[in-house]
Amino acid sequence: MNDITKTQLENGLTVLLCETHTAPVTSFWIWYRVGSRYEQVGITGIAHWVEHMLFKGTPRWPAREADKAVARQGGISNGMTWYDFTTYFATLPGERIEVELDIEADRMTNALFEPEEVEAERTVIISERQGAENDPLFLLGEETRSAAFRAHPYGHDTIGYLFDLLGMTRDDLYDFYRTYYVPNNAIAVAVGDFEREAMLDLVRKHFGSIPPGTLPGRHRPVEPPQKGERRVVYEGQGNTPYINLLFHAPPATDDDFYPLVVLDSVLTGASGMAPFSGGGTNKSSRLYRALVDTELAVQVSGSLVPTVDPFVYSLTATVRPERGPDEVEERLWEELERVAAAPITEEELVKASKQARAQFAYSSESVTGQAFWLGWSEVFADTDWYIGYLDRLSGVTPADVQRVARQYVRRSNSTVGWYVPQEKAK
Amino acid sequence: MTIPGPQDISRHELENGIVLLVRENHSSPSVVVSGYLAVGSYDEPEEQAGLAAFTADGLTRGTIRRSFDQIYEEVESVGASIGFSASVHYTGFGAKSLAEDLPLVLDILADALRHPTFPPQEMEKLRGEILADIRERSHDTRHMASLAFGELAYPQGHPYRRSLIGYAETVSSITRQDLAAFYERGFGSRGMVMVIVGAVEAGRAVELVEGVLGDWEGSNLDRAPLPPVSRPEKTQADILLGYPGPPRSDPAFLDALVCNTVLGVFGMMGRLGARVREEQGLAYYSFSRISGGKGPGPWEVVAGVHPAYVDKAVESIRGEIRRICQEPVGQEELEDTQNYMVGSMPLQLETNEGVARAILNIEKHDLGLDYMERYSGLIRAVTPERVQAAARQWLDPDAYILAIAGPPTSNPQPPTSSIQPPTWSSE
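Protein sequence lines, in the order shown, are assigned to chains A and B.
Heads up, the first sequence is in the working numbering, so the first residue is 1 and it goes up one at a time.
Heads up, the second sequence is in the working numbering, so the first residue is 1001 and it goes up one at a time.
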């Protein structure tokens, strides 16, 4: 990757720029340090709803006009809300990028939150939630995560609880927006076909005069340590059982994060690094061999998300209709105990390392992908996290992997969820 | 960056009929292989629905030289991926790796294509996975609506009518001999196309492909023509609203493509997104898509709707279809759409996958190596009259296929992890 320059404007806006001229395209993102982590019961789902409202218009850009402005220039755009952030981006032919800066600077402070639009979005988001509830893995995940986190806001889903979606008011939303959408709580990222100084000038031109805000002095939530196994069962519709195991994990800035990445590769295969896409097949991974090859499960996957506060390492398996979650869980624990009992082999370590190298290379092929990682890593750590990722992974030893397996992937640190379909397997 | 065209896409026809296209990209460390063979579910008998898909999945379950475990150990150890999947007219394949591993992935691809052994134990495991998939999908409303659409839109015996992965009854009764026979009949070099894009010299790529596939011989499947498809009469079932649409080869296809972009793509899901989403609580998404394949694949509107608002949503969708049939698109809206379609080309060509996809499309539909250079002119030549003519030819607000499935539809790509990905604003 080419050099990244990091600047801070006077109003506190962090600006990350990386020039690359292999394609005449530029990707521009604005990241706000606000997501469902900043919510509590009463306002769950508010960050995501605010994101919806930012697409509903400002005085200068009425609803949909911003999307059309980007589209007619040949661009793609979207927004996304998760635990630690809300982000908006557009990727455009390089010489057309300015319209996106205009749009983002404008809606940082001028979104209207008109009452009729708020009401329209209320039912849209409720529909979205109800659509998600059609997916057994959403239901199971919500159940296990809320059991794993007794106190921390990571325990509720970004979409929010229905009672909060029904109860929040326009003023709740607007206050939340005005609190968190300030330049000193934001990161602007541009990767692509531009000259650094010219881009910095454009950023100043559009964002420079926005005044900083006072962020709430946060009482930072800390999840109390889990002291024993937790179990949940979700009896739901459908005909397929699922199983989900969560283990409290270190945050991305912790040294233990990297051995855990290697452990996950060995157990479930390489993780992809394109924005939320898979890493290819995992048929040579330990858990695939133990669960799918043996016809206990149809698929198995692992997830380790880099986060600001400690999150969870998640393992999920789809149980064969004619088998039970108990059988899959038993076999799963055998494998987890095996990886704690003996170090992984040198071949497995080399394989994990090569997989990471390949995935990293794939992720850096598009300016959108690069800009995504620069922005996200700045949210939970800093850009050095992304740039130095492969280096830090290469320092992991089999002994490190065994140590984190013993420390994190154990019963007393686990929350186990079963999704049990009401329609019995034949 | 230049638009890929005849000056930098090299096209080679091997003696055995394989067509190979290569485009070098040395600014990327990776290489993408993408292609197809001319065999698919089209060629399976109706009572063996799912045979083509089963065969495609079975190729990587063991070859003369490598077991299933060995194939995936070799591929995954270098951080590469390979895959085969059947569709109606074709069986597609793909691979991605770092450039240094291209010889390995080509060797494995060729091995799976030429020497699959369909080991009995592996086939039973695979059968179990497919049946579990079929069971799981029977509870996925989007999938069920799609199946219902197929049955309503296409006549008995038409390959578009049936499920690609088959049904519990048909997949249960496919034998190993059936798989081997289908493979023998359909898989060969004739009609095979491969595209390679990435950090490899064209000459070297040709050499490698010649080395592993140059002496493969061809099948020669006899394909009966598609049964005729009639225009829909109004039918009721569950929420895809659509029609059999134009094949890619239709002279008016690009007019229909522009029409589709106006209707359900431009900006946030086009006119459909504006109307169906803006009206309170109707849907959290509604867009349209057009197939443009070898045959008259669907041109359809998709919507995710609360069951209480299905009727209202359908009325809105019909209203937009009526409008695009009755009123010529305004000049400004048309230009916006054309600017979007033309302007977004560099974005689509940014990655090796995007370039490979574009080149494969050109070869599949015989569009000419200079198609990407001509694309801008072709799109800008579309007039409001031509858009309206395309709408009238294939769409009809009063005669359509409507397929809905029960409760609100689930996410387009259900995640395989319980950690939900972030919620995106648009599709």
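Treat the hints with care, as some may be off.
A few chain B residues that don't get close to chain A, going by computed Cβ distances all over 10 Å [unchecked claim]:
{"id": "1", "residue": "Ala1132"}
{"id": "2", "residue": "Gly1191"}
{"id": "3", "residue": "Ala1252"}
{"id": "4", "residue": "Gly1267"}
{"id": "5", "residue": "Arg1277"}
{"id": "6", "residue": "Arg1322"}
Just so you have them, the derived chain A footprint on chain B, three or more residues with Cβ under 8 Å [what the hints assert, rightly or not]:
{"id": "7", "segment": "1019-1031"}
{"id": "8", "segment": "1092-1103"}
{"id": "9", "segment": "1119-1130"}
{"id": "10", "segment": "1342-1349"}
Bear in mind the hints are in silico, worked out from the structure with no lab data behind them.
Ideal Cβ positions, reconstructed from N, Cα and C, are used throughout, including at glycine.
So which of those numbered hints doesn't the model satisfy? Numbers 1, 4, 5, in rising order.
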